[in-house]
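**Q** My request is simple: use the sequences and hints to build the entire structure.
Chains as they are written, first to last, in our numbering: chain A, 5 to 168; chain B, 5 to 168; chain C, 5 to 168; chain D, 5 to 168.
Hint data in this document are derived by calculation from the structure and do not stem from the laboratory. Watch out, some of these pointers could steer you wrong.
Stated by the list, open to error - So the derived list for chain A, only partly shown, Cβ under 7 Å to chain B, looks like this:
1. S42
2. G117
3. D121
4. L130
5. F132
6. F162
Claimed, not checked - Lysine to aspartate or glutamate pairs mimicking DMTMM-like chemistry, simulated, CA-CA at most 20 Å apart:
7. K158(B) with E58(B)
8. K49(B) with D77(B)
9. K101(B) with D77(B)
10. K29(A) with E38(C)
11. K29(B) with E38(D)
12. K156(A) with E45(B)
13. K49(A) with E62(A)
14. K158(B) with E38(A)
15. K156(B) with E38(A)
16. K159(D) with E38(C)
17. K159(A) with E38(B)
18. K159(B) with E38(A)
19. K29(C) with E38(A)
20. K156(D) with D55(D)
21. K156(D) with E45(C)
22. K158(C) with E38(D)
23. K156(C) with E45(D)
24. K103(C) with E90(C)
25. K159(C) with E18(B)
26. K158(D) with D86(D)
27. K159(D) with E18(A)
28. K158(D) with E58(D)
29. K29(D) with E38(B)
30. K29(C) with D55(C)
31. K159(C) with E90(C)
32. K159(C) with E38(D)
33. K156(C) with E90(C)
34. K156(D) with E90(D)
35. K159(B) with E18(C)
36. K156(A) with D86(A)
Unchecked claim - Reference excerpt, derived from the structure (chain D facing chain A, CB under 8 Å, subset only):
37. Y19
38. Y21
39. I22
40. G24
Note that CB positions come from ideal geometry on N, CA and C, so glycine has one too.
Protein chains: 4
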Amino acid sequence: MIQVFVTGGTFDKEYNYITGQLFFKDTHLPSMFERGRSTLEVDVKTLMMVDSLEMREEDREIIAFNCRRSLHDKILVTHGTDRLVETASYLAQSGIKDKTVVLTGAMIPYAFGTSSDGFFNLGSALAFVQVLTPGIYVVMNGRFFPWDNVRKNKKTGFFEELNG
Amino acid sequence: MIQVFVTGGTFDKEYNYITGQLFFKDTHLPSMFERGRSTLEVDVKTLMMVDSLEMREEDREIIAFNCRRSLHDKILVTHGTDRLVETASYLAQSGIKDKTVVLTGAMIPYAFGTSSDGFFNLGSALAFVQVLTPGIYVVMNGRFFPWDNVRKNKKTGFFEELNG
Amino acid sequence: MIQVFVTGGTFDKEYNYITGQLFFKDTHLPSMFERGRSTLEVDVKTLMMVDSLEMREEDREIIAFNCRRSLHDKILVTHGTDRLVETASYLAQSGIKDKTVVLTGAMIPYAFGTSSDGFFNLGSALAFVQVLTPGIYVVMNGRFFPWDNVRKNKKTGFFEELNG
Amino acid sequence: MIQVFVTGGTFDKEYNYITGQLFFKDTHLPSMFERGRSTLEVDVKTLMMVDSLEMREEDREIIAFNCRRSLHDKILVTHGTDRLVETASYLAQSGIKDKTVVLTGAMIPYAFGTSSDGFFNLGSALAFVQVLTPGIYVVMNGRFFPWDNVRKNKKTGFFEELNG
Numbered sequence: 005m006i007q008v009f010v011t012g013g014t015f016d017k018e019y020n021y022i023t024g025q026l027f028f029k030d031t032h033l034p035s036m037f038e039r040g041r042s043t044l045e046v047d048v049k050t051l052m053m054v055d056s057l058e059m060r061e062e063d064r065e066i067i068a069f070n071c072r073r074s075l076h077d078k079i080l081v082t083h084g085t086d087r088l089v090e091t092a093s094y095l096a097q098s099g100i101k102d103k104t105v106v107l108t109g110a111m112i113p114y115a116f117g118t119s120s121d122g123f124f125n126l127g128s129a130l131a132f133v134q135v136l137t138p139g140i141y142v143v144m145n146g147r148f149f150p151w152d153n154v155r156k157n158k159k160t161g162f163f164e165e166l167n168g
Numbered sequence: 005m006i007q008v009f010v011t012g013g014t015f016d017k018e019y020n021y022i023t024g025q026l027f028f029k030d031t032h033l034p035s036m037f038e039r040g041r042s043t044l045e046v047d048v049k050t051l052m053m054v055d056s057l058e059m060r061e062e063d064r065e066i067i068a069f070n071c072r073r074s075l076h077d078k079i080l081v082t083h084g085t086d087r088l089v090e091t092a093s094y095l096a097q098s099g100i101k102d103k104t105v106v107l108t109g110a111m112i113p114y115a116f117g118t119s120s121d122g123f124f125n126l127g128s129a130l131a132f133v134q135v136l137t138p139g140i141y142v143v144m145n146g147r148f149f150p151w152d153n154v155r156k157n158k159k160t161g162f163f164e165e166l167n168g
Numbered sequence: 005m006i007q008v009f010v011t012g013g014t015f016d017k018e019y020n021y022i023t024g025q026l027f028f029k030d031t032h033l034p035s036m037f038e039r040g041r042s043t044l045e046v047d048v049k050t051l052m053m054v055d056s057l058e059m060r061e062e063d064r065e066i067i068a069f070n071c072r073r074s075l076h077d078k079i080l081v082t083h084g085t086d087r088l089v090e091t092a093s094y095l096a097q098s099g100i101k102d103k104t105v106v107l108t109g110a111m112i113p114y115a116f117g118t119s120s121d122g123f124f125n126l127g128s129a130l131a132f133v134q135v136l137t138p139g140i141y142v143v144m145n146g147r148f149f150p151w152d153n154v155r156k157n158k159k160t161g162f163f164e165e166l167n168g
Numbered sequence: 005m006i007q008v009f010v011t012g013g014t015f016d017k018e019y020n021y022i023t024g025q026l027f028f029k030d031t032h033l034p035s036m037f038e039r040g041r042s043t044l045e046v047d048v049k050t051l052m053m054v055d056s057l058e059m060r061e062e063d064r065e066i067i068a069f070n071c072r073r074s075l076h077d078k079i080l081v082t083h084g085t086d087r088l089v090e091t092a093s094y095l096a097q098s099g100i101k102d103k104t105v106v107l108t109g110a111m112i113p114y115a116f117g118t119s120s121d122g123f124f125n126l127g128s129a130l131a132f133v134q135v136l137t138p139g140i141y142v143v144m145n146g147r148f149f150p151w152d153n154v155r156k157n158k159k160t161g162f163f164e165e166l167n168g
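**A** In structure tokens form, the structure reads like this:
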């Protein structure tokens, strides 16, 4: 059983055609699992629906608390990409023991159809969470990064190693 | 560096609007890597473009030969799902040493847009090939299966363990 | 009020991922009207779900009967493209009076996402049926054709005038 | 020959995955004509790429000038929906003679895939411009409206008659 925690981010944003703004409605995760024809047992819980630029320490503590409390030792967290590394770092120092926690996100909302990277990222994050040893990881761009050796390049939008 | 071998299958099929039949043109793999914003180094080679129902022993030997000959020890093979397990089994007995070979496919062509499972499968297959120990694996439905413990359920289209 | 008769054709085909064949389930018309944000009053009736290559004279008579019987004088018929002109010709000789009947179809199934012409064809067919004078018309490729001056070019898939 | 003038609007907006903002790159009109398999002769010119909320009188004069100067008497203008009616009204009072001018837009960007209404609107606008008598019209929601009997309902996003 894989525990999935939804926290929002670009991954789950929608376009509001009245205001022209992006916003959150429900998560797309369940329909993505169905479309991916996944036969993994998953327990999906939406903890919050926020843009990672607006994520505060109390939000991060909610994520950490739920990771500690979860009965499952494989945990996938969807998250906005701008502060994804900060949350990974927070989780690494919050007393989560013997669990593999993978954080992933998307650069283009899943709802925007065939241009989004989200479905690919979900596939790779689910795979990595099943086989990586306990620890906190970021999964983006087809790769996994230990939490303490990754940054988002603000110019290109790619995730890269600190010494890359 | 990940070696990618394309062999066809539903994954890469297109709809011919003149005849109403499915057919092969070029592989979608490169554009899928771009859309997935993958920063993995990959070497993509199209070995053939065939429906797996029409795949013969000489086709399988071409795949095996190229797996043995590849300079890379992480190999991803895209393949039709109907005979994917047979090819995995062939590869397991063809003298490939110290390499991780992952076979994946799709139930719905990538070209058919937001209904296809292909992009998700590519994400998970790429992840698994990076971290699984040497051997021959099938990746479908978000999971990996060792080549000798998997079958395709012809009724549901899902892959499952032999003793499942 | 616009009367819409669904008869099948490529327009409404789906991909069966078990058999790899195309088949019919429900029509996509209602969800297409919603996505197009249409505020037209429409009455959608599915008369049959057949490939136009398999359409027989009794099927055409069902369409003609329903066109004659409809209380509305603006009628849109979705139809397979291969025999669309034959059905238009049949309708023209079946005693439909003082009604504008527009037949349209698609070269690529609507279900195949961003490659399909179906949504564009629906938009133009709905527009033409509102403003053309009574008669039987074929709408494809952004244009309308009177029933007795159109053929489908089997090589290109485009509809063209007989003297074109 | 149909003259097409592109002015921007939601129709042609893209998502910038670095900033999370919508922006303009190139128009999608040519690829939309191709996907719609249109065989109409069209002359597509991009006059500007602006959000209609930022459209000023000098922009409207550019559109009017080009409508007057065009050698063609069937003109399609793509435009943001928020001020589409204002531009239609401006054009009606700018000395365009014996020409059918149709303005259309989209509530959801065409680039956002299978949720956008843009492709449907393009199909209906192209149809209406071919058959309506000279004048200035707004085409949205599957319908045409004379310029002086239409408003955008800001709450629902639907276009409706003034006396509706």
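**Q** Compare the structure with each hint and give your call.
**A** Quick rundown of the hints versus the structure:
1. Of the supplied interface hints, the one on S42(A) holds, with its beta-carbon coming within about 4 Å of a beta-carbon of chain B, less than 7 Å.
2. This hint holds: G117(A) has a C-beta 6 Å from the nearest C-beta of chain B, less than the 7 Å allowed.
3. Hint status for D121(A): holds, given a least beta-carbon distance of 5 Å to chain B, under 7 Å.
4. Hint status for L130(A): holds, given a least beta-carbon distance of 5 Å to chain B, under 7 Å.
5. Using the Cβ-Cβ criterion of 7 Å, the hint placing F132(A) at the interface with chain B is satisfied: the shortest such distance is roughly 5 Å.
6. Because the beta carbon of F162(A) sits about 6 Å from the nearest beta carbon in chain B, less than 7 Å, this interface hint is met.
7. Between K158(B) and E58(B), the direct Cα distance comes to roughly 17 Å. Compliance with the 20 Å bound is thereby established for this hinted pair.
8. Straight-line distance between C-alpha atoms of K49(B) and D77(B) comes to about 15 Å, which keeps the hinted pair within the 20 Å bound.
9. A threshold of 20 Å between alpha carbons decides the hint, and for K101(B) with D77(B) the separation of about 9 Å falls inside it, so the pair holds.
10. Of the pairs offered as hints, the one joining K29(A) and E38(C) holds, with about 19 Å between alpha carbons and a cut-off of 20 Å not exceeded.
11. For the hint pairing K29(B) with E38(D), the CA-to-CA distance comes to about 19 Å; that is within 20 Å, so the pair holds.
12. At roughly 19 Å between alpha-carbon atoms, K156(A) and E45(B) fall within 20 Å of each other, so this suggested pair holds.
13. A distance of roughly 18 Å separates the Cα atoms of K49(A) and E62(A); the hinted pair therefore holds under the 20 Å criterion.
14. At most 20 Å may separate the alpha-carbon atoms for a hinted pair to count; K158(B) and E38(A) meet this at roughly 18 Å.
15. Distance restraint check for K156(B) and E38(A): the Cα-Cα separation of roughly 18 Å lies within the 20 Å cut-off, and the hinted pair is therefore satisfied.
16. As the CA atoms of K159(D) and E38(C) are separated by approximately 17 Å, the hinted pair is consistent with the 20 Å bound.
17. The straight-line distance between the Cα atoms of K159(A) and E38(B) is roughly 17 Å, inside the 20 Å bound, and the hint therefore holds.
18. About 17 Å separates the Cα atoms of K159(B) and E38(A), which keeps this hinted pair within 20 Å; it holds.
19. For the proposed pair K29(C) and E38(A), the alpha carbon gap of about 19 Å is at most 20 Å, so the pair holds.
20. As the CA atoms of K156(D) and D55(D) are separated by approximately 16 Å, the hinted pair is consistent with the 20 Å bound.
21. As the CA atoms of K156(D) and E45(C) are separated by approximately 19 Å, the hinted pair is consistent with the 20 Å bound.
22. Simply put, K158(C) and E38(D) have alpha-carbon atoms about 18 Å apart, close enough for the 20 Å limit, and the pair holds.
23. The suggested pairing of K156(C) with E45(D) holds, with an alpha-carbon distance near 19 Å, which does not exceed 20 Å.
24. Between the alpha carbons of K103(C) and E90(C) the distance comes to roughly 19 Å, so the proposed pair stays at or under 20 Å and holds.
25. A threshold of 20 Å between alpha carbons decides the hint, and for K159(C) with E18(B) the separation of about 18 Å falls inside it, so the pair holds.
26. As the CA atoms of K158(D) and D86(D) are separated by approximately 8 Å, the hinted pair is consistent with the 20 Å bound.
27. With a C-alpha separation of about 18 Å, the suggested pair K159(D) and E18(A) falls inside the 20 Å cut-off, and the hint holds.
28. About 17 Å separates the Cα atoms of K158(D) and E58(D), which keeps this hinted pair within 20 Å; it holds.
29. Among the hinted pairs, K29(D) with E38(B) is consistent with the structure: their alpha-carbon atoms are about 19 Å apart, no more than 20 Å.
30. Restraint check: the Cα-Cα separation between K29(C) and D55(C) comes to about 13 Å, which is no more than 20 Å; the hinted pair holds.
31. Proposed proximity of K159(C) and E90(C) is supported: the alpha carbons are some 18 Å apart, at most 20 Å.
32. Distance restraint check for K159(C) and E38(D): the Cα-Cα separation of roughly 17 Å lies within the 20 Å cut-off, and the hinted pair is therefore satisfied.
33. Between K156(C) and E90(C) the alpha-carbon distance is near 10 Å, which keeps this suggested pair within the 20 Å criterion.
34. Of the supplied pair hints, the one linking K156(D) and E90(D) holds, its CA atoms being roughly 10 Å apart against a limit of 20 Å.
35. Simply put, K159(B) and E18(C) have alpha-carbon atoms about 18 Å apart, close enough for the 20 Å limit, and the pair holds.
36. The straight-line distance between the Cα atoms of K156(A) and D86(A) is roughly 7 Å, inside the 20 Å bound, and the hint therefore holds.
37. Satisfaction of the interface hint for Y19(D) is found here, the shortest Cβ-Cβ separation to chain A being roughly 6 Å, below the 8 Å cut-off.
38. For Y21(D), the interface hint holds, the least distance from its beta-carbon to any beta-carbon of chain A being 4 Å, beneath 8 Å.
39. Given the 8 Å rule on beta carbons, the hint for I22(D) holds: about 5 Å separates it from the nearest Cβ of chain A.
40. Here the hint on G24(D) is kept, as its CB sits about 7 Å from the closest CB of chain A, short of 8 Å.
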